[in-house]
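Student: Work out the full structure, taking the sequences as your base and the hints as a guide.
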Amino acid sequence: MELDYAFMADTFIKVWSGAGATLELTALSLLLAAPLAFYMAMLRIKGHVFGSCVTKAYISFVRGTPIVLQILLLYSLLPSFLNVLFRAVGSDFNVFDRVDPFWYAVAVFTLNTVALLAEVFRSALLSISPGQLEAGVSIGLSELQTYRHIIIPQAIVVAMPSICNITVNLIKGTSLAFLMTVKDITAIGKIAASYGYNYIEAYLDVFFVYIIICTVIQLAYRFAEQHIGAFRAV
Amino acid sequence: MISMIMSIKGVRKHFGANEVLKDVHMDIAKGDVIVILGPSGSGKTTFLRCLNFLEQADEGQMELDGDIFSLRRASKKEIAVVRRKTAFVFQGYNLFSNKTALENVMLGLVVGRGIKEQEAEARAKQALEKVGMLDRADYYPSQLSGGQQQRVGIARAVAVRPDVILFDEPTSALDPELVGEVLQVMRNLAKDGTTMIVVTHEMKFARDVASHVIFMADGLIVEEGTAEDIFTHPQQERTRRFLRRILGENEAEQTMMA
Chain H
10 MELDYAFMAD TFIKVWSGAG ATLELTALSL LLAAPLAFYM AMLRIKGHVF
60 GSCVTKAYIS FVRGTPIVLQ ILLLYSLLPS FLNVLFRAVG SDFNVFDRVD
110 PFWYAVAVFT LNTVALLAEV FRSALLSISP GQLEAGVSIG LSELQTYRHI
160 IIPQAIVVAM PSICNITVNL IKGTSLAFLM TVKDITAIGK IAASYGYNYI
210 EAYLDVFFVY IIICTVIQLA YRFAEQHIGA FRAV
Chain P
13 MISMIMSIKG VRKHFGANEV LKDVHMDIAK GDVIVILGPS GSGKTTFLRC
63 LNFLEQADEG QMELDGDIFS LRRASKKEIA VVRRKTAFVF QGYNLFSNKT
113 ALENVMLGLV VGRGIKEQEA EARAKQALEK VGMLDRADYY PSQLSGGQQQ
163 RVGIARAVAV RPDVILFDEP TSALDPELVG EVLQVMRNLA KDGTTMIVVT
213 HEMKFARDVA SHVIFMADGL IVEEGTAEDI FTHPQQERTR RFLRRILGEN
263 EAEQTMMA
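Those protein sequence lines, which keep their order, are chains H and P. In terms of this note's numbering, the first sequence is numbered consecutively and its last residue is 243. In terms of this note's numbering, the second sequence is numbered consecutively and its last residue is 270.
Derived by calculation from the structure, the hints in this document are not laboratory data. Note that CB positions come from ideal geometry on N, CA and C, so glycine has one too. Each hint should be verified, as a subset may be incorrect.
With a straight-line cut-off of 25 Å between C-alpha atoms, the simulated DSS-like cross-links for lysine-lysine are [unchecked claim]:
no., chain 1, residue 1, chain 2, residue 2
1, P, Lys216, P, Lys203
2, P, Lys21, P, Lys42
3, P, Lys42, P, Lys128
4, P, Lys128, P, Lys89
5, P, Lys89, H, Lys55
6, H, Lys55, P, Lys88
Selected chain H positions facing chain P (Cβ under 10 Å, derived; list incomplete) [said to hold, decoys possible]:
no., residue
7, Lys23
8, Ser26
9, Ala28
10, Ile137
11, Leu142
12, Ser147
13, Ile148
14, Ile159
15, Pro162
16, Phe240
Tutor: Structure, rendered in structure tokens:
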């Protein structure tokens, strides 16, 4: 078997143009998911009965279904649903033409990440000794201020390795966005390959790009963890 | 009559079927050092925690600096007022792990009370100086010994200049050789006229420093009086038994006979 190295080198450069979409999708999903996930974690920690039930049901729904299925379901449902919604309010906004499928991908991955992050946040927050909250309020801070200055900064350090895991999984997971016609790294590789059937070369390119990106991300997280966790025992 | 800085009446509290506090009262004058003694499970710690709303009492009333608060249903605002005028020193120190010693002391001033950074730093350094920890101002709690951490904990309480400082077994979690340094800091505070309520098992400290000793058992105040009253002429059998057990047979007999 002969590899077409010229094609491979060419495609390697081309595939990088999908990195933007992949990283944007990942970053947006994480950023949009974080506040909601934090809220869910707090509902469960505070023992809010209704909120805890909804959160638990939601988390087991996300964990119990394949992400491919979630993508297919949302991608078939959401556009039609939005269309009906716009018609109902009398707008002639054409959902099918005007909304970039990228945003449906953002929706799926955000909803997915919310569930994963909620669990990570919850266990991280619980790992901080409740005595520090008591100490905070005993010297005149509000509970909110204590969370902001004391509990959350420490919980983030605890959660860092798990958040890194979620990020890396998200980067790899977003490759499924090609199902929604989003042109991410994987999609561009496939398209390039399909002209001359150079699938192996293209897949190898895609393979290396993911490895490089994920390695850099992991190093960045490790650096960040060491930096913001400097207060821990040396 | 001496004016009371804090006056507490009728504190009751139960956990499930267990009645932990049955009508506890207490009056504290400015500069008082009240030491609460008693066997474990007598409700000392719970009582102290109720005073700072770390625990919600079933009943009880607190008069602090002329205002009256219900220990059962104080509003968030009222709780904030009480916490602003009191400070708590914990058995397990509870320092903020992500803050240096100096930041631990400053936080209550800057965030809790809105004092300007510069002034807060000066006050925090003063407080650290008082507990002999100024040279460790930039250390994180994980880099300090238990005794040092507790001294920072005391500085954190002192810095907010409360009317009363509540000490919950401040030396119980410490290695024996570290107890002395913390007690010394507390003696100095007492000498400076700091008003304190101290739950402790340190009998010598109680005898030397307390202006008033309270012996609690089973959620009740069994006996109270000056250190002299309690240690030398205990009236109640319960108190005598406790002192004998804690001080050891011989020493207890000696002091009681004296």
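Student: Confirm or reject each hint.
Tutor: A quick look at each hint next to the structure:
no., hint, verdict
1, Lys216(P) / Lys203(P), "holds (16 Å)"
2, Lys21(P) / Lys42(P), "holds (18 Å)"
3, Lys42(P) / Lys128(P), "violated (28 Å)"
4, Lys128(P) / Lys89(P), "holds (23 Å)"
5, Lys89(P) / Lys55(H), "holds (21 Å)"
6, Lys55(H) / Lys88(P), "holds (17 Å)"
7, Lys23, "violated (45 Å)"
8, Ser26, "violated (41 Å)"
9, Ala28, "violated (34 Å)"
10, Ile137, "holds (8 Å)"
11, Leu142, "holds (9 Å)"
12, Ser147, "holds (4 Å)"
13, Ile148, "holds (3 Å)"
14, Ile159, "holds (5 Å)"
15, Pro162, "holds (5 Å)"
16, Phe240, "holds (4 Å)"
Hints 3, 7, 8, 9 from the earlier list are contradicted by this structure; the remaining hints agree with it.
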